[in-house]
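*Asks:* Following the hints, put chain B in place on chain A, whose structure we already have.
Sequence order for the protein chains is A and B. Residue numbers are given in the working numbering: position 156 of the first sequence equals residue 156, and the series is strictly consecutive. Residue numbers are given in the working numbering: position 73 of the second sequence equals residue 73, and the series is strictly consecutive.
Don't read these hints as lab results, they were simulated from the structure. In this text the structure is predicted, and so the values were computed from the model without any measurement. Among the hints, erroneous ones may be present.
[To be verified] Listed next, the stretches of chain A that the computed footprint assigns to chain B, with coverage defined by at least 3 CB atoms under 8 Å from CB atoms of chain B:
(1) 97 to 103
(2) 170 to 181
(3) 212 to 225
[Said to hold, decoys possible] Okay, the calculated beta carbon distance ranges per label pair:
(4) B:Arg142 with A:Arg156: 57 to 63 Å
(5) B:Arg91 with A:Gly269: 33 to 39 Å
(6) A:Arg13 with B:Ala300: 53 to 59 Å
(7) A:His88 with B:Pro122: 48 to 54 Å
(8) B:Arg41 with A:Pro43: 18 to 24 Å
(9) B:Glu206 with A:Lys2: 33 to 39 Å
(10) A:Arg12 with B:Ala300: 53 to 59 Å
(11) B:Arg91 with A:Glu7: 31 to 37 Å
(12) B:Glu53 with A:Lys86: 49 to 55 Å
(13) B:Glu82 with A:Lys2: 54 to 60 Å
(14) B:Glu206 with A:Glu185: 37 to 43 Å
All C-beta atoms, glycine included, are put in the ideal place defined by N, C-alpha and C.
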Amino acid sequence: MKRVRAEVLSVRRLGAYHVLTIVAPEVAERARPGQFLSVAMPPHRAFLLRRHFSIHQASRRGGWAGTLEFAVEAQGPGTRWLAEVKPHRFLDVIGPLGKPFAYPARLTNCLLVCEGHGGAPISFLAQELRARGKRVDMLIGGATHDHVFKPIEAKRMAQTIRIATADGSMGEPGSVADLLPEMVEAVGAQVVYAAGPREMLRRVAELCVERRIPSQVALEERMACGMGQCFTCVVPVIRKDGSGYDHLRACTEGPVFNPARILWDRWMGEAPEPAPTPPEGFPVVRSWPG
Amino acid sequence: MAGVKPTMTVDLAGVAFPLPVLAASGCLGTGGEPTVVDLRRLGGVVTRSLTLEPRRGAPTPRMAETPSGLLSWTGLQNPGVEGFLVEDLPRLEQAGVPVVASIAGGGVEEFLRVTSLLQHRPGIVALEVYLGAPDEERGRGRPFAARLDRAVEVVGAVARMSRLPVFAKLPYLEPDLVETARACVRAGAHGLTLIGGVPGLAVDAERLRPELAAPIGLLSGPAIKPIALAAVHRVARELPEVPIMGVGGIATGRDAVEFLLAGAWAVQVGTAMLIDPAAPVEIARGILAYLKDKQLESPAALRGRLRVPGTSP
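If we strip away everything but chain A, and leave its shape as in the complex, we get (with noise of 0.2 Å):
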């Protein structure tokens, strides 16, 4: 966790998102898909708390070493601050954040789901994934075309790619885990990973584990210092041995999750009460494949 002024490089709009590059060596030469930056505000303004993205790119090598990238959606007052972010304005970052995706050591087909912003952080980890001579393919979505994240760039690096958009606007109309099935047979999934809305992803967990297939996800909740410091992004995740569950922290213990071992019910709100541990203890979910 290092802690920079970053200059801002470049800001593009792409779709309903602006992609930000900056300069922050030390961040971007210890940054791995999954990990997060955190982002100050302005001084001054009503607006006070640091603004949590996932890195999308991490630029180790090449005419653009040092440089990281970040995808925002303009929808509230922060991130419609940094939309409008003028080149060469120096940003008060601390990163990377947060534990990474783990690679597959022997399985080979890696299964990228997401949807909407949750394009970010998966691209980045197709990259890498690539990189370490794994088969990748990829389902991506969002609610219109605007919302599916980089489809071209997608296109390029998976061995085959479905799209679906809410609106039908692009792909497929629907969900993207209205795919899931069919493409996880399809391709021969050995490993998912996936990004993107809470729905979304718990239909990726409920498939993963009635197929047994093991699978990461990056969650997002809402975080306040983003450093393990205020307890505000907790999830529940039952414990190792099944013998209960905890809150763990998002941004330290997370983002990234065994979707196996998440109490969905309790997370989206639909079990406000606490959830009792079952007499005979939580099924015990396996570790990440070695």
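*Replies:* Then chain B, alone, in the frame of chain A:
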């Protein structure tokens, strides 16, 4: 008086803090997490509130940003006092930063058991009794501070058992703030921490839902600074001998000076640390610059120097 070199050490209830700026409860985890700030540059660290057993805390969402504020409620998530002593305290002791252990509980007995476990560790210099904790024994989940008799019962019990100085942390209470503060001191509190977060609600009009699962959270940050200043001012005027830690929306050296002028003996920094982990260092620097500029010897020289024409409400 030219060339006065101010000393920044402050003495509260016999505890010498090297700087008058501490990290407020809940804003530096329980102290064991790595951070980008050098702990030795803080006047002290107040831990997250510790309960006897580990607590999982409230469901999410636990926070929302509101204008100039942070609304949050974690439901006292903490590793329990044993977890803190094993995992977190050693790191704080190693850094040599004075530790104020914030304690909480669902009832008087729990406060006492936590108190007893924190007595004999060299790093811990004081206790802060979190009276904003929900009273599960008699108060049906309302804070201990909401009932004067319960606040007094908890503070009195802890103060009788503790060999460490005890600070009572109170929220802003209308109209009973001064009365409650005085009662806590009579019950044995050596000092006061003013104020805890201000209750608040944030509403998501699209989804027709409160923003927090709780659904009421505690507001912190610059939005509550005037409220906290009013609390410090009111109590300090009535109880000038009682050490007060001022807390609520302090983000700059100037903010801290305002609290010292209103009557605080030291300050705690909370929300500002979540935004800028090095904020307390900058704040201490700002206080020092102010003292030099006014040719004053120490933060204590500012205490209660606020000139109030006539009477104030």
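*Asks:* Each hint should be assessed against the structure and marked as holding or not.
*Replies:* How the hints compare with the structure:
Closer than 8 Å: that is the beta-carbon criterion, and the region 97 to 103 of chain A has 0 residues meeting it against chain B, so the requirement of 3 is violated. Proximity of the region 170 to 181 of chain A to chain B, defined as three or more residues with a beta carbon under 8 Å from a beta carbon of that chain, is not established by the 0 residues found. Under the rule that three or more residues need a Cβ within less than 8 Å of chain B, the assignment of the region 212 to 225 of chain A holds, with 5 such residues. Range check, B:Arg142 to A:Arg156: Cβ separation about 60 Å, and the 57 to 63 Å hint holds.
The supplied range of 33 to 39 Å is met by B:Arg91 and A:Gly269, whose beta-carbon atoms lie about 35 Å from each other. At about 56 Å, the beta-carbon gap between A:Arg13 and B:Ala300 stays in the expected band of 53 to 59 Å. At roughly 50 Å, the beta carbons of A:His88 and B:Pro122 sit within the given window of 48 to 54 Å. For B:Arg41 and A:Pro43, the hinted distance range of 18 to 24 Å is satisfied, since their beta carbons lie about 21 Å from each other.
For the pair B:Glu206 and A:Lys2, the supplied restraint of 33 to 39 Å holds, since their beta-carbon distance comes to about 37 Å. Under the hint 53 to 59 Å, the C-beta atoms of A:Arg12 and B:Ala300, about 55 Å apart, fit the expected range. Against the hinted window of 31 to 37 Å, the Cβ-Cβ separation of B:Arg91 and A:Glu7 comes to about 34 Å, which satisfies the hint. B:Glu53 and A:Lys86 have their C-beta atoms about 52 Å apart, which keeps the hinted 49 to 55 Å range intact.
Between B:Glu82 and A:Lys2, the C-beta spacing of about 33 Å breaks the proposed range 54 to 60 Å. As the Cβ distance of B:Glu206 to A:Glu185 is approximately 38 Å, the hint placing it in 37 to 43 Å holds.
Going through the hint list in order, the structure does not satisfy hints 1, 2, 13.
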